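Enquirer: Chain by chain, the residues:
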Amino acid sequence: MPLELHEATATLTDVVTVDEVEPLAAWLRATEKPKVNLRRCNHLHTGALQALLLFRPKISSAPANAFLAEQVLPLLAGGNGTASRQGSEPP
Amino acid sequence: MNPLLAQFLAEAADLLTSVDEGLLQLERDPGDPELVNEVFRAAHTFKGSSGLFDFPELTRLTHAAEDLLDAVRGGKLDLDSGMTDDLLAAFDLIRGWLAHVTQHERLPASAGADAAILITKLRGPLGGDATTPVVEKAPIVHVIAPPPEWLSHFEQEWLDATATWLTTTSSTLRFARYLPDEGCFFRAEDPLHLISQVPALARIAVVPPDEWPSPDDYDEYACLIGFVLATRAGHGELDHLFRYVPDQVEVVELDGDALRRFLNGEVAPEPVEAADAPVVDDPQDPAVVEDAYAILAAAQTSLRDQQEVGGVRLASIAHSIASAAAALGDISELSDLNAEQLTETVNRLLGSTPAPPAAPPPPALIERSAPEERIDRGRADDPGGQVGTKILKVDQEKVDHLMELVGELNVAKNGLTFLADSAEEEFGSRVLSRRIKDQYSGLHRIAEELQAAVMDVRMLPLSVAFSRFPRLVRDLSRRLGKNIELVMEGEDTMADKDVIEALADPLVHLVRNSLDHGIELPDERTAAGKPPQARITLSAVADGDAVVVEIADDGRGIDPVKVKRKAYEKGLISEEELESMGDQEAVELVFRAGFSTADQVSDLSGRGVGMDAVRASVEKLGGTVTMKSELGTGSVTRLRLPLSMAVTQVMVVSVAGQRFGIPVDLVVETVRVPGGEIGRVLHQDVVVLRGEVVPVIDLAAALRMPWTPDENDDRRILIVSLHGQRVGLLVEQFHREVDVILKPMEGLLAYADEFSGTALLGDGLVLLVLNMKEVLGLAARAA
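Quick mapping for you: the protein sequence lines, in order, are chains C and G. If you use the UniProt record's numbering, the first sequence corresponds to residues 1 to 91, in order. If you use the UniProt record's numbering, the second sequence corresponds to residues 1 to 783, in order.
Since the hints were made in silico from the structure, they are not lab data. Just so you know, these numbers come straight off a predicted model, no measurement behind them. Check the hints yourself; a few may be wrong.
As the list claims (entries may be wrong) - Taking beta-carbon pairs under 10 Å as the criterion, some of the chain G residues facing chain C (in silico):
no.: 1; residue: Glu155
no.: 2; residue: Ala188
no.: 3; residue: Glu189
no.: 4; residue: Ser196
no.: 5; residue: Pro215
no.: 6; residue: Asp216
no.: 7; residue: Ile225
no.: 8; residue: Phe755
What the hints assert, rightly or not - Just a sample of chain G residues kept apart from chain C, beta carbon distances all over 12 Å, derived:
no.: 9; residue: Ala89
no.: 10; residue: Pro180
no.: 11; residue: Arg203
no.: 12; residue: His401
no.: 13; residue: Glu408
no.: 14; residue: Leu476
no.: 15; residue: Gly490
no.: 16; residue: His509
no.: 17; residue: Arg512
no.: 18; residue: Glu524
no.: 19; residue: Leu682
no.: 20; residue: Thr758
Note that the Cβ used here is the ideal one computed from N, Cα and C, for glycine as well.
Please model the entire structure based on the sequences and the hints provided.
Expert: Here is the structure:
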């Protein structure tokens, strides 16, 4: 199951598809101070990303997947993208 | 292929040629405003037409070339060799792209990168004076595309670092904005997944919605966000990845300067139009107006012809329309990509835009008021207008096929004479035989005329073979640091296309040789009392059924003593020859295999294969090469080629009961001598003819066919001339001369060098045509 929803923490595993978007959004909407664990997540559906961007949960664990870690995580962590600059230096 | 694209490609070839020619002329005569205008118009037309297709690199590159030319036209810049080089390179690159487009209907993947380099170069001379009106016209100078405002979605710091990096490395990045539509999740699209597949992704950023909805109203199935991304992936890669959503993606290529300007707050207000709109210096310029009409008409046609115009096509059509509209001084909003709306706009522009009052369009344009004619004009897409006779462009293969059929007809026709003979001999009907012969002569006349007509179609002017030389000479002379003027004479002399095509390589060899070895450096020339500018003359004249092409230079000429010595050192001639050889003969030594006088091998020529190869290929065409040279004043190489290679006249002889053909041009005479008159000198049969000793070769023996001539009979000897030497061939019998279509020896027979080809005779027999050079070689070996 790619999505494990607990009281305050959601664990996203492997590929999060469009099917998980609705429960994830509902959970984010209902949860007071949501935390999301992306460590074993390999792909986020755009809808899931959008939900995370809207509700801004705390990312409790950074993804191991290179694309998510380098490109997507900064979007989630940085608000308007000012924080993390990982992987942003031109080689 | 879409008919519009096919049309574009066909015309592009002509445009490219005229641009090339114009540029070269322009370099010689930089002040000529008419020439500048011509080249500019060609480049402009090119860009205009390219806008109809989805080739953004092509449009951008021609745009850059056009800007440069426009500045030259406006007198703001003087065209120098460097600029000409860049312009020529740009159009060469385009030529390469179009070849690719012809095959694959898209630009090669490397197009973006290649174009970027040239665009920067082309923009270089313009960038110097940022305040001149030139720059105002094309507000973005060093940029490949204007920086779009959506770059602001990236963080400043990153943009800053990237700009510095790109400037330092003079490289570019491609930036894309991807705005998926709201319902895309329902079509199983996952924009982020698509982006994760972009290779060499440098950075992504989210384009947030204008306003995030409140959590309660949030519809998690509506895609509200978009992305901007920076990547090193090529245009081709991006096009491929985003091929299903092309209308939602906008890609620009930016360099460091563009980013820097963006960071400084200079944003092009309407990036799309600025990138592709033609340089409109004056909306009243009739040329521009005319082009705009052509584009609009073409757009109208393509909108009407293609009921279901895809998103990309629609977008590019919209682009062209917007550009054309801008040129007509009508800024239309074409934000909505809707076929009907576009059609409407086009109709409105075509129908209602008043003719510019200041400069009324040329009469030709006024006549084209009927809409049908406009459409035709759009198809032709030729603002220059075809004046003069109507010319059909026919595929070469079709003409070749026609020629083959004429050959077959000749063979079939010749069969009739045999039929007439057998009617008389086998069936005893003299009347029938005569009637067949009558029919034959009628058919013969028609076949001859048909053949002449087809040959005429195949005739091309020699300018086709000469056309590449202005460029070749210019490039090579610049590289070698020599100052050379190329003079071409008699370019309109006609010859068969096969001859013209086969002539190309030998000519290149000869011209290169002249350039490399013949012409001295300017200092040397001045020291020798010659003008520093050397001259190479290419000339062609028709001479009966042959065409004579001469390559003459006024360089240092060939030193016969040096040549002889070299040939002797290389073991090409014996010591006696070294002593006795005349100057003219010595000069001709350069045609021997393995001869090269250049002390240093250069990359142009001088590997000792050149002249040898020239002679071989010219002789293969049935021609001859001679060379005359005078030390210190220059050399002349003369190629003599048959006007046509399609039909060969051969003399038929028989040996040991087998018939062979010998090309008539080689035959000098036929003689019969009594057996006793054949003498023997040094193991070689000879015959004395008018005081000249001619060696006689027994053809049967050379071909290893058992045959002994009848002792009492006269000997029949065919005298041929090869490389100026006379040789007699002992044969059994002479027959008539025939015109044959020579087919090369192929497949299993390819090894048989002693035959140059086969031909089919009217009676169905196969005639082997001898390659005299090889046959003499065989005879020499056998002796």
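Enquirer: It remains to establish, for every hint, whether it holds in the given structure.
Expert: Consistency of the hints with the structure:
{"no.": "1", "hint": "Glu155", "result": "holds, 5 Å"}
{"no.": "2", "hint": "Ala188", "result": "holds, 7 Å"}
{"no.": "3", "hint": "Glu189", "result": "holds, 8 Å"}
{"no.": "4", "hint": "Ser196", "result": "holds, 5 Å"}
{"no.": "5", "hint": "Pro215", "result": "holds, 5 Å"}
{"no.": "6", "hint": "Asp216", "result": "holds, 8 Å"}
{"no.": "7", "hint": "Ile225", "result": "holds, 5 Å"}
{"no.": "8", "hint": "Phe755", "result": "violated, 65 Å"}
{"no.": "9", "hint": "Ala89", "result": "holds, 28 Å"}
{"no.": "10", "hint": "Pro180", "result": "violated, 7 Å"}
{"no.": "11", "hint": "Arg203", "result": "violated, 6 Å"}
{"no.": "12", "hint": "His401", "result": "holds, 57 Å"}
{"no.": "13", "hint": "Glu408", "result": "holds, 66 Å"}
{"no.": "14", "hint": "Leu476", "result": "holds, 41 Å"}
{"no.": "15", "hint": "Gly490", "result": "holds, 59 Å"}
{"no.": "16", "hint": "His509", "result": "holds, 48 Å"}
{"no.": "17", "hint": "Arg512", "result": "holds, 45 Å"}
{"no.": "18", "hint": "Glu524", "result": "holds, 52 Å"}
{"no.": "19", "hint": "Leu682", "result": "holds, 80 Å"}
{"no.": "20", "hint": "Thr758", "result": "holds, 65 Å"}
In this structure, the earlier hints numbered 8, 10, 11 are contradicted, and the remaining ones agree with it.
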